[in-house]
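Take the two lone chains, each set in its own frame, and fit them into one complex as the hints suggest.
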Amino acid sequence: MIEFKNINKSYKLGKNNTVAALKDININIKEGSVVVLKGSSGSGKSSILSLVSAISKPTSGEVIVDNKQISKLSDRFASEYRLNNIGIVFQKYNLVEDISVEQNVILPLIPKNLDSDLVESKVDTALDMFGIKHYKNSTVKNLSGGEQQRVAIARAYINEPKIIIADEPTANLDEKLSLDFIEIIKDLKKQNKTVIIATHDPLFFNLDIVDKYIEMKNGSII
Amino acid sequence: MILSPEILTIYILNFLFFVFGLIALNLSVKIYLKYDKNSSEPIQYTLERQSYLASTIIKYIFIVKVPLFLFFIFTLDKLSNVLSGAMCGAGVLDATDYGTMLITLKVLNIYLFALWLVLNTEDVKHENQPYIKIKFALFIVLFALFLSEILIESYTFYNFEIDKLVSCCGTLYSSTSDSIVSNIFAIDNKILVSIFYANFALITFAYVFKSKYMYAISNLLFIVVSIVSLIMFFGTYIYELPSHHCPFCYLQSDYYYIGYLLYALLFMGTFNGIMALFKDDLF
Chain A
178 MIEFKNINKS
188 YKLGKNNTVA
198 ALKDININIK
208 EGSVVVLKGS
218 SGSGKSSILS
228 LVSAISKPTS
238 GEVIVDNKQI
248 SKLSDRFASE
258 YRLNNIGIVF
268 QKYNLVEDIS
278 VEQNVILPLI
288 PKNLDSDLVE
298 SKVDTALDMF
308 GIKHYKNSTV
318 KNLSGGEQQR
328 VAIARAYINE
338 PKIIIADEPT
348 ANLDEKLSLD
358 FIEIIKDLKK
368 QNKTVIIATH
378 DPLFFNLDIV
388 DKYIEMKNGS
398 II
Chain B
198 MILSPEILTI
208 YILNFLFFVF
218 GLIALNLSVK
228 IYLKYDKNSS
238 EPIQYTLERQ
248 SYLASTIIKY
258 IFIVKVPLFL
268 FFIFTLDKLS
278 NVLSGAMCGA
288 GVLDATDYGT
298 MLITLKVLNI
308 YLFALWLVLN
318 TEDVKHENQP
328 YIKIKFALFI
338 VLFALFLSEI
348 LIESYTFYNF
358 EIDKLVSCCG
368 TLYSSTSDSI
378 VSNIFAIDNK
388 ILVSIFYANF
398 ALITFAYVFK
408 SKYMYAISNL
418 LFIVVSIVSL
428 IMFFGTYIYE
438 LPSHHCPFCY
448 LQSDYYYIGY
458 LLYALLFMGT
468 FNGIMALFKD
478 DLF
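Quick note, the sequences are listed as chains A and B, same order. Letter by letter, the first sequence follows residues 178 to 399 in the working numbering. Letter by letter, the second sequence follows residues 198 to 480 in the working numbering.
Treat the hints with care, as some may be off.
[Said to hold, decoys possible] In silico EDC-like pairs for lysine to aspartate or glutamate, Cα to Cα no more than 16 Å straight-line:
no. : chain 1 : residue 1 : chain 2 : residue 2
1   : B       : 322       : A       : 257
2   : B       : 234       : A       : 239
3   : A       : 353       : A       : 378
[Claimed, not checked] Sample of chain A residues facing chain B (criterion: CB under 8 Å; computed from the structure):
no. : residue
4   : 234
5   : 235
6   : 239
7   : 250
Hints listed in this document are in silico derivations from the structure and should not be mistaken for laboratory results. On a predicted model such as this, the values are computed, not experimentally measured, just so you know. Virtual Cβ for every residue (Gly too), placed ideally from N, Cα, C.
Next comes chain B alone, as it looks inside the complex (with noise of 0.2 Å):
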């Protein structure tokens, strides 16, 4: 177990999130159940005030929640100077059985929360809020994934030892790993960039003629071609070295944070077309 500053930020602001979250939650349970437009009953106009108290405590969740993902990946990279054999965040993530999880966890909750934002201001903006049974639904589900996340996070942070050798990066994200990671290795890196332009068009092709399925399924899409083309092809140009592929070491000072760049305009520019779905003035 390892106790820095960094975990302590994080395991008291999980605390945190955690009692606000279970404020929003006995809320949403209620208006989920009990919420009536029609009604003019003293328990409707209670839950439409609660809805206001509900809907701020989400809202501020994810606005800390955003930089707190940053904080996240700043932390693992900061751990990796702690663990034997790690060279970045993706030997730390490694070091425990549910590190994948985790950020993979962490990173479908800010898709989700951004989903529960988007739907909060398409409902207010309409007179009879017609979301609000759907966004208080979608937090019911959201809150049982965030504290899955919690208890993951508490987990691989309880778990870590320091004096267990790790796997570095290098070794992670090769052909002859054993992860599922190594498979990507067997796509031709032509093919590989080829779908990334292709989809990289569809996206285009979509916006243009205001698809707005084929829109968001390509955004979606390209999540995953975006990622498996940065680890194939694109960042060995940022390493300058054609084998190294880890994901995790472009955060780090020595390529000048330019990951944090890449991934945060990778995650805000597909949400925004996934939520073409819930939007009616996207195009």
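Extracted from the complex, chain A is given alone in its bound form (with noise of 0.2 Å):
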């Protein structure tokens, strides 16, 4: 159960320019169920994400993640918060190009110092999940965008987290591989994962699998 309490954001630019990213935000996801924050770009979408990823704190208010206050966590917390519950597919998926396919996904695991063979095995139910396990020792400049956006789901899965953030995971995609992915989404929800997902692409819009819709502008919810 994810909860937003009353919960403002606001960046500093500059000395005397303060801007509002989030206005008095009350949310609450239920565990297992898909979320859609739809908006326009600096509505507030990622912002959100970030809150709930503990990657920043709000300026005021609350963020609950299973009944523990994420926002309240210092820095090693929060990491250790993240490493254990949160998996993120980002934009422009932020893989490490010049590695291979494997090492990009081992990355997460690396922080857990676990058993070689069962990091072995880890990697190859992720990539076989997500239809990628011929490329495991591919450069991941060399694969496609869809390809590339697969390997960054895996990466995000492999520590099996509770909590999936995709932000705007389509925005490089086209429409049949926008498709694809959203049958990933299905996937993952019959596991039971938390799926957030902030987007602007209209192909959420109607979605049976999406358990909730947040429409954000300026900052509040709409």
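Quick look at the structure:
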């Protein structure tokens, strides 16, 4: 369960210039649900994602995940929370292009210092699930956009997080690949993962799998 | 007044410490007065962010302060070449009224800074940061001591007079001296060495039997016992001279700077022992 209570978030842009990215936001997201954050650029979607993933802290209010106030965590505990609970798919994938698919997908496991056999089996499971096992040893820069996105999803999934966050996941994909991504979301939902997607792609706006649409404008929910 | 490059370096660093320390002090006071872990108000989030800044400043002051203390000792030794009558740092410290107080304050401040560091490490290990108010309250006290140290140090350096004759360590550390130090010469060496080893045995005993308080207190006691034993007994073997009792001369090149190693081990070891009071996982 993810809860936003009276969240305000503002950014300082210079000495006397403060921008309110989120204004008095209250949200409840149930475990295992798929939530789509709609809205134009600058509406506050990404700010919500960064608060859920404890990348940033609110200016005021509380972000509670599974009864734990994650907005109050220190950097060290926020990293730990992120490592164990959050998988992130970035708009531009944020992959390390010069290394292999396997090496990219392994990255979130490094801090856990797991046994190499266990790592190997986790990598195989994740790559298999997203249909890219045959690219295991390929260098990321040689893959297409859709394939790179699957690598990014596999990397987000490998720690088996409860919450998967995707920021504009289809911004760089054509319609067919975007539909493939929606199929992946369905699979994740079946596994009871909470998926939060920030997008302004109309493909997401009438989907059966989506439990909740949150439309945002100028930092407020409309 | 002497303005050697070493003294100038210390002045500049002290000024920087003062400026950054003042920023940390301002934040520490705010955190101490207004920090409320349960609050979700903007002020609380601001204080949480500022606590990282204050902690970083204090950590870096400490990191520079430790080598600066060694540099201070080195400076005292170097100044002994300039002051008439001084043979080592002991004579230089005796040249003004506050020399002994200065070095005592410097050692105390290093211990307190290190204590702050231990508190900070323990604090950030826990999700609810149980020591956050204590550590910033400690820094407020520490800053007052730190400021006193800077002022006394500046006073000491300012009042050095090249043409004034000062005492050498042979005079200062002798039974005929009229200082407090002369009192230790009344102790019999056999008794002193027995106390030294008994204290060491007590530390070992406390460690083996995991007695936290005994371990900390015996380590605290060991600082005094060790320094007196060094002056009265062990030092004479380093000098190969039974009548020489200076605690500074073995910091010089003639004795291969062995004093730095002895003092560093003594201070680090005893500090670690005293910190048993604040750590859960020492044993």
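Hint check:
1. For a cut-off of 16 Å, the pair hint linking residue 322 of chain B to residue 257 of chain A stands: about 12 Å separates their Cα positions.
2. A threshold of 16 Å between alpha carbons decides the hint, and for residue 234 of chain B with residue 239 of chain A the separation of about 12 Å falls inside it, so the pair holds.
3. Restraint check: the Cα-Cα separation between residue 353 of chain A and residue 378 of chain A comes to about 13 Å, which is no more than 16 Å; the hinted pair holds.
4. Taking 8 Å as the C-beta contact cut-off toward chain B, the hint placing residue 234 of chain A at the interface holds, the least distance being around 6 Å.
5. About 7 Å separates the beta-carbon of residue 235 of chain A from the nearest beta-carbon of chain B, less than 8 Å, and the hint is met.
6. For residue 239 of chain A, the shortest C-beta to C-beta distance to chain B is roughly 5 Å, which falls under 8 Å, so the interface hint holds.
7. At its closest, the beta carbon of residue 250 of chain A sits 7 Å from a beta carbon of chain B; the interface hint therefore holds under the 8 Å criterion.
The earlier numbered hints are all upheld by this structure, with none contradicted.
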